[in-house]
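Just need the whole structure built from these sequences, with the hints factored in.
Protein chains: 2
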Amino acid sequence: MLTGQRRTLILDILRRDGQVIAKRIADDFGLSEDTIRRDLREMAAERLLTRVHGGALPLAPELPDFSARRGVSPDVKRQLGAFAAKMVQPRRTVFLDGGTTTAEIARHLPRSFAFTVVTHSPTIAAELEHHPTAEVILIGGKLYKHSMVATGAAAMAAISLVRPDIFFLGVTAIHPVHGLSTGDFEEAAIKRHIAQCSAETYVMATQEKLDAASPCHILPIRAVSGMVVPSDITEASLAPYRSAEVPIFAVGD
Amino acid sequence: MLTGQRRTLILDILRRDGQVIAKRIADDFGLSEDTIRRDLREMAAERLLTRVHGGALPLAPELPDFSARRGVSPDVKRQLGAFAAKMVQPRRTVFLDGGTTTAEIARHLPRSFAFTVVTHSPTIAAELEHHPTAEVILIGGKLYKHSMVATGAAAMAAISLVRPDIFFLGVTAIHPVHGLSTGDFEEAAIKRHIAQCSAETYVMATQEKLDAASPCHILPIRAVSGMVVPSDITEASLAPYRSAEVPIFAVGD
DNA sequence: CATATTCGTGCAAATTCCTGCATGATGCAG
DNA sequence: CTGCATCATGCAGGAATTTGCACGAATATG
Chain Y
1 MLTGQRRTLI
11 LDILRRDGQV
21 IAKRIADDFG
31 LSEDTIRRDL
41 REMAAERLLT
51 RVHGGALPLA
61 PELPDFSARR
71 GVSPDVKRQL
81 GAFAAKMVQP
91 RRTVFLDGGT
101 TTAEIARHLP
111 RSFAFTVVTH
121 SPTIAAELEH
131 HPTAEVILIG
141 GKLYKHSMVA
151 TGAAAMAAIS
161 LVRPDIFFLG
171 VTAIHPVHGL
181 STGDFEEAAI
191 KRHIAQCSAE
201 TYVMATQEKL
211 DAASPCHILP
221 IRAVSGMVVP
231 SDITEASLAP
241 YRSAEVPIFA
251 VGD
Chain P
1 MLTGQRRTLI
11 LDILRRDGQV
21 IAKRIADDFG
31 LSEDTIRRDL
41 REMAAERLLT
51 RVHGGALPLA
61 PELPDFSARR
71 GVSPDVKRQL
81 GAFAAKMVQP
91 RRTVFLDGGT
101 TTAEIARHLP
111 RSFAFTVVTH
121 SPTIAAELEH
131 HPTAEVILIG
141 GKLYKHSMVA
151 TGAAAMAAIS
161 LVRPDIFFLG
171 VTAIHPVHGL
181 STGDFEEAAI
191 KRHIAQCSAE
201 TYVMATQEKL
211 DAASPCHILP
221 IRAVSGMVVP
231 SDITEASLAP
241 YRSAEVPIFA
251 VGD
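These protein sequence lines map, in sequence, to chains Y and P. Just so you know, the first sequence maps onto residues 1 to 253 in the UniProt record's numbering. Just so you know, the second sequence maps onto residues 1 to 253 in the UniProt record's numbering.
No wet-lab data here; the hints were simulated from the structure. Wrong hints could be hidden among the right ones.
Once the Cα atoms are required to be at most 20 Å apart in a straight line, the calculated DMTMM-like pairs of lysine to aspartate or glutamate come out as [as the list claims (entries may be wrong)]:
| # | chain 1 | residue 1 | chain 2 | residue 2 |
| --- | --- | --- | --- | --- |
| 1 | P | Lys142 | Y | Asp12 |
| 2 | P | Lys86 | P | Asp75 |
| 3 | P | Lys86 | P | Glu200 |
| 4 | Y | Lys142 | P | Glu135 |
| 5 | Y | Lys142 | P | Glu129 |
| 6 | P | Lys145 | Y | Asp12 |
| 7 | P | Lys145 | P | Glu200 |
Just a sample of chain Y residues kept apart from chain P, beta carbon distances all over 12 Å, derived [stated by the list, open to error]:
| # | residue |
| --- | --- |
| 8 | Asp17 |
| 9 | Ala134 |
| 10 | His193 |
In this text, a Cβ means the ideal position worked out from N, Cα and C, and glycines have one as well.
And the structure:
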């Protein structure tokens, strides 16, 4: 990757996220932190950003915006997203479900090699507008606005035509007995279908998902190859998956 | 290979990839890196590109990129969008092209009655997330990131399955002689196909589109049922459409 | 205050760049 | 046809840049 291009991308990320974390960028680009630090140092000298311990921020005027946004997006989701994004290998095809957690995966996808992203969420697709190396396949269909994903026969048919290596599945609730579930019948059908078409399916779950009231439309355990959960998730919720010997990745402090 | 021809190719690659790597180009052309470096050096002197260690990048204000086009003439676009949005009737199906002008249509769509929106742009679809009454059909396909629309055989096939009443078409340039055109072959094919499937096609154009340098891939006049343009648009550019008796709506102050 | 990151500097290896020069092709005048 | 000038190209060698690593200093966090 060219140095100039890398710095342009850093500025893109800075504009988009309101912050840049040296370590994360280094991972994304597949370079050492030293290189990124040197970039940040020199870009700070050119008044393109302000240097801070751990990374960089936009120039002074945008600072309040940053602090406001900071509280909104939970760190847990970001950590889960970063973890899952590291599972993506060169030339693979990854299917990203809709939702805020999978959106974090999209933001952390590696930028140092090429791969393909398939998604039925226009929101996820929009996130990837500035990704330098990802090829994006958009699955169309009737838009289910509640969760902003394409559904219906057209979506089912389009999904049948891809064979993703990894599917990152977002769920609405995990019930100690019934397991994974989502609130809409149509949505559940789509998720099941994607899982069937994919070689591996990894569930992304955050703690609040466990507190969701009623499980509705069940997703079968057999479809799951692994789960990415915050480290403080309740044991009871995961019981069915432990017994099924599903790998569980506990991420976070 | 002729030197001039080689340099033209280098510029093509630069436009396509957003970067040029000296080593790779040298391999592709079967020439030494020195030759390529000399090319890059001299093309940089002619202000055709910016030289960086390892290759070259486009000039500082990157070629008309989707994100860069944002906010070019916001007020005019908003007026055009509001005008076009008023053309939407209850229970009709409207196809929204990708682009900033059509995004303004999406923002102004009526909220008092139900209708259907079809689009192959995830950005447009995301705009409609909170619209209370619009049903959104998302056309999928390979995402062409430059303008953020789905393209390819899958998109063509999906478009064939809808029959929009109105298609709001965005164009890259209007040439006084050649007429409507867009910069990408694939994109032009998609636009033509949408127009063929739609009962009516209305062109959305802003003044800066007329100043665009070279028309590339032509869209036929017969596909156009009307044009929505700012009131200060140059007469010359619209001449072909006046002679074809195409209704022209001049919007603005 | 203790611990864990993060930072900065120096250094070495690899890559890329530039300069100067030789070679070969082309064009032109005699 | 010959001789000469011009130009594109490749190559050699030294300069400059980039990058990663190591180690001690600085900083954040509890």
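Hint compliance check: list the failing hint numbers for this structure, sorted ascending.
Hints 1, 7, 9 not satisfied by this model.
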